[in-house]
Amino acid sequence: MNPTNEQTAAADAFTAGDHLALQAGAGTGKTSTLVLLASSTRRRGRYIAFNKPIALDATKRFPPTVTCKTAHALAYAAVGHRYARRLGGLRQAGWRTGMALGITKSVRIGERDVSHKALSHAVLRTVTRFCHSADPVITRYHVPRLRGLEGKDLHAELSRAVLPFARKAWADLQHPDEGSVRFDHDHYLKMWAMSDPKIDADFLLLDEAQDTNPVLGSVAKV
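All residue numbers for the sequence shown refer to this note's numbering, where the first residue is 759 and numbers rise by one.
These are calculated hints, taken from the structure and not from any lab test.
Check each hint, because a few of them may be wrong.
What the hints assert, rightly or not - Dumping the calculated DSBU-like pairs for lysine-lysine here, alpha-carbon to alpha-carbon at most 35 angstroms:
#, residue 1, residue 2
1, 910, 979
2, 956, 863
3, 863, 875
Treat the numbers as computed from the prediction; the structure is a model and nothing was measured.
Sequences are here, hints too, so could you generate the full structure?
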């Protein structure tokens, strides 16, 4: 294939060792451009795909010097395998998890009573939002805003009720064999990202970077 002017410019920047951000619409050849870049060097590369089918397809297209994996596959190999016994555990209502964490009654915030079920749900959402972030610790910025409690002062009060349990939930997730909180793939991805991992490659290709959660962006430094 004859490269376009844009692809030639990208190849020149890649050869120079510059960081690249390729912006293009769907079906306009982003992956083909990445293959072109990877084929222009003998250096070892890593292609991080959005999902497993894309990774499998990319393996057929990229040269053998490039390993194609999802971020979760990299994280599982490094960290997640230690938690294999907890992965895929039975789902249960959020309030049951909340009770196991010690949430047994409602709390009064402003003019509203927040039930133990709503509080439990907020705690679990806080952990999820933390896992998707690039932040090293759980803070009030990860606490979701509940309807009727959107104001700054009310949210601060809600955060004071949520954060101790959210941190307890995160601590629970550190145990590889058993725990009260259902362990899922985003948990070990966050643990991997927090370990400041070094990906064994000379260059890194991140597809669909615009849809990447900040947690992966912190690993890829994008």
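Now for the hints, and whether the structure bears them out:
Our distance criterion of 35 angstroms between C-alpha atoms is met by residue 910 and residue 979, whose separation comes to about 31 angstroms. Distance hint between residue 956 and residue 863 is unfulfilled; the C-alpha atoms sit about 44 angstroms from each other, more than 35 angstroms. With a C-alpha separation of about 9 angstroms, the suggested pairing of residue 863 with residue 875 holds against the 35 angstroms cut-off.
Taken one by one, the earlier hints fail for this structure only at number 2.
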